[in-house]
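Trainee: Chains as they are written, first to last, in full-length UniProt numbering: chain A, 1 to 305; chain B, 1 to 226.
Please note that a few of the clues may not be correct.
[Said to hold, decoys possible] Counterexamples of contact, computed for chain A against chain B with all Cβ distances above 10 Å:
#, residue
1, D20
2, S56
3, V72
4, A73
5, M82
6, Q83
7, G86
8, P89
9, T99
10, V100
11, S134
12, Q175
13, R183
14, L185
15, A226
16, G266
[What the hints assert, rightly or not] Away from chain B, derived, C-beta distances all over 10 Å, residues of chain A:
#, residue
17, G14
18, E60
19, G123
20, E177
21, D197
22, A234
[As the list claims (entries may be wrong)] Where chain A lies over chain B, by a calculated footprint (3+ residues, C-beta under 8 Å):
#, region
23, 87-95
24, 187-198
Everything labelled a hint here was simulated from the structure, so no lab data went into it. All values reported here derive from a predicted model rather than from experimental measurement. Built from N, CA and C at the ideal position, the CB exists for glycine as well.
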Amino acid sequence: MIEFHSVTKQFPDGTLAVDDFSLVLPSRKTTVFVGSSGCGKTTLLRMINRMIDPSSGSIEIDGIDIASGSAVALRRSIGYVMQNSGLLPHRRVIDNVATVPLLKGVNKADAHAQALELLDTVGLDRALAHRYPSQLSGGQQQRVGVARGLAVNPNILLMDEPFGAVDPIVRDDLQQELLRLQRDLDKTVVFVTHDIDEAFLLGDQVVILEKGAQIAQVGTPKEILANPASDFVATFIGADRGKRRLAVDSTIARSGDDVVLVDGAGYVAGVIDAPGGVLPGAGVGGTTNSRARSVSNKTDQAGDA
Amino acid sequence: MVWLWDNLDLVLGLTADHVRLSIIPIVVGFIVCIPFGWLANRYTAARTVLLTLGGVLFTIPSLALFVMLPAILGTRILDEANVVVALCIYAVAVMVRGAADAFASVSRDVISSSTAVGFSAVSRFWTVEFPLAGPVLLASLRVVSVSTVSLLSVGSLIGVQSLGYLFVNGYQRDFPEEIVIGIGFTVLVAVVFDTVLVLLGRLLMPWTRRAPRRRAVTAIAAEVTA
Ligand SMILES: Nc1ncnc2c1ncn2[C@@H]1O[C@H](COP(=O)(O)OP(=O)(O)O)[C@@H](O)[C@H]1O
Ligand SMILES: [Mg+2]
């Protein structure tokens, strides 16, 4: 469990990056900090492993103030994955993955054997072990970054927009991989993103932040979607633009029992199975004869699941 | 060429002196520039002071420096230490700027992620920042190597043994062949030094080499199409 107690960070130049932030991040769950660029997400994350020290307030991990021990030891016990992988360009993949165990004095043979296993864990071919990072694709580099983050088997994994710089298809892949890893490994993950869809996909607890790391809303994805706490949140999650509200578009030809759904802006959001033109859960009278019938994604998320 | 064979011992002896005397400033420049370059990269004030000082030192004409140094160091006029110290000063002056640029060339992301995974400041410097600054450091070291080898010849004007003796002597005797041989051997020394540095760079910084496999594949592809 990670607890922020009234944490404030003001940089020497006067920027108030984090203003009186308090929150509990439950163990073995994924907490996602989501907000626009510059709202203080990275600063929050880096205060957890003491790359940045708070100006005031305190942070506890499992009840112990992190300021009490050595910063280097703390960092070696916490996994960290960042956007541009941050891999060491002069070390081969296997040595990158083994970086922290080697720093901690694990012998090279053991560290390498474990690194190879970690490559399996993150879905990378062992044949890549002896390449340099520059010889890998962006997605592969991020996987190596995740493997390195897992190398000391940390309880806590910090991830700062780890999938922000890869293309959408690879990003989907990496997100699914992370969900799978999280099911198997059960870490306390703190994940930073500016992408609300990613936040809702990965987060058990989603924290929507405004400038100065002000909490706009905390909750499960369902809670936030069902009840945006403010106009800011509604705008941020796209509910006000009807992005989350789907409708049946009867102008598009149906194929079989599928009905096409469009969002508020008219973009095709997907298809839904509607045997005989009747939408699931739509009641007896539900037909697709009316030009567009409202089916709220919001209520779907909140109620039916 | 006959002159060369007749005087081979002299030429080789001078070449050996030239090599010996120019290695020292190159090594000293490399070692001394590292702390200074790091400081210059880390602190703006240090940067201003060090780079300005370096610039000023470098503008002092070499002959003037060779002649001034005995007064400052208390050495004898003909002492080869004068020339070596002067060349060390030039080497450091050039290398400090190069080293500052080299440390600045290391990706901020890599440095902060190294901190994040738990490198201490000292181990991060030696195992991350220093090797990654290597390619840019090597580039300025190559410049220093060539300029040291050529500047050393000037030392012959104040009587320090080096290949420069052949220019001075050839000029005094109005004997062009000796001058040409002097120039040829100086260039040879510079080229050998440069080659050694490049090879050392390849050996010590294998990650900067192109992926050999890819190059081989392209070569085969070229052959197939040809
Ligand atoms: N080292 C620093 N010095 C001064 N200001 C900083 C520093 N790091 C971040 N900031 C500022 O703090 C604010 C929050 O930054 P950051 O936590 O990086 O935001 P995010 O990760 O949400 O984009 C921004 O206004 C940023 O410019
Ligand atoms: Mg950030």
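Trainee: If a hint holds in the structure, say so; if it does not, say that too.
Mentor: Do the hints match the structure? See the list:
The claim that A/D20 lies off the interface holds: its Cβ sits roughly 25 Å from the closest Cβ of chain B, which is beyond the 10 Å cut-off. No Cβ of chain B comes within 10 Å of the Cβ of A/S56; the nearest lies about 23 Å off, and the non-interface call holds. A/V72, annotated as away from the interface, has a beta carbon of chain B within 10 Å; the closest lies near 5 Å. A beta-carbon of chain B comes within 10 Å of the beta-carbon of A/A73; the shortest separation is about 8 Å.
Listed as outside the interface, A/M82 is inconsistent with that label: its C-beta sits roughly 6 Å from the nearest C-beta of chain B, within the 10 Å cut-off. With a minimum CB-CB distance of about 8 Å to chain B, A/Q83 fails to clear the 10 Å threshold, and the non-interface call is violated. Distance to chain B contradicts A/G86 as a non-interface residue, since its nearest Cβ pair spans about 3 Å, not more than 10 Å. With a cut of 10 Å on Cβ distances, A/P89 falls inside the contact zone with chain B, its closest approach being about 6 Å.
Chain B draws A/T99 into its interface by the beta-carbon criterion, the shortest separation being 6 Å against a cut-off of 10 Å. For A/V100, the requirement that its beta carbon stay farther than 10 Å from each beta carbon of chain B is not met, with the minimum near 5 Å. Not every Cβ of chain B is farther than 10 Å from the Cβ of A/S134; the closest lies at roughly 7 Å, contradicting the non-interface assignment. Residue-level check passed: A/Q175 sits 21 Å from the nearest beta carbon of chain B, beyond 10 Å.
Remark: the non-interface label on A/R183 is consistent with the geometry, its nearest Cβ contact in chain B lying 25 Å away (cut-off 10 Å). The Cβ of A/L185 lies farther than 10 Å from every Cβ of chain B, with a closest approach of about 18 Å, so its non-interface assignment holds. Separation of A/A226 from chain B is adequate, the least Cβ-Cβ distance of about 36 Å exceeding the 10 Å criterion. Look at A/G266: its CB is around 40 Å from the nearest CB on chain B, clear of 10 Å, so calling it non-interface holds up.
With a closest Cβ-Cβ approach of about 19 Å to chain B, A/G14 is found to remain outside the 10 Å limit, as its non-interface label requires. The Cβ of A/E60 lies farther than 10 Å from every Cβ of chain B, with a closest approach of about 20 Å, so its non-interface assignment holds. The non-interface label for A/G123 is consistent with chain B: the shortest C-beta to C-beta separation is roughly 21 Å, beyond 10 Å. A/E177, annotated as away from the interface, keeps every beta carbon of chain B farther than 10 Å; the closest lies near 20 Å.
Residue placement check: A/D197 keeps its beta carbon more than 10 Å from all beta carbons of chain B (closest about 25 Å). Non-interface call for A/A234 relative to chain B: holds, since the shortest CB-CB distance, roughly 35 Å, exceeds 10 Å. Coverage of the region 87-95 of chain B by chain A is violated. Counting CB-CB distances below 8 Å, 0 residues qualify, and the rule asks for three or more. Residue count for the region 187-198 of chain B with a Cβ under 8 Å from a Cβ of chain A: 0. That is fewer than the three needed, and the coverage hint is violated.
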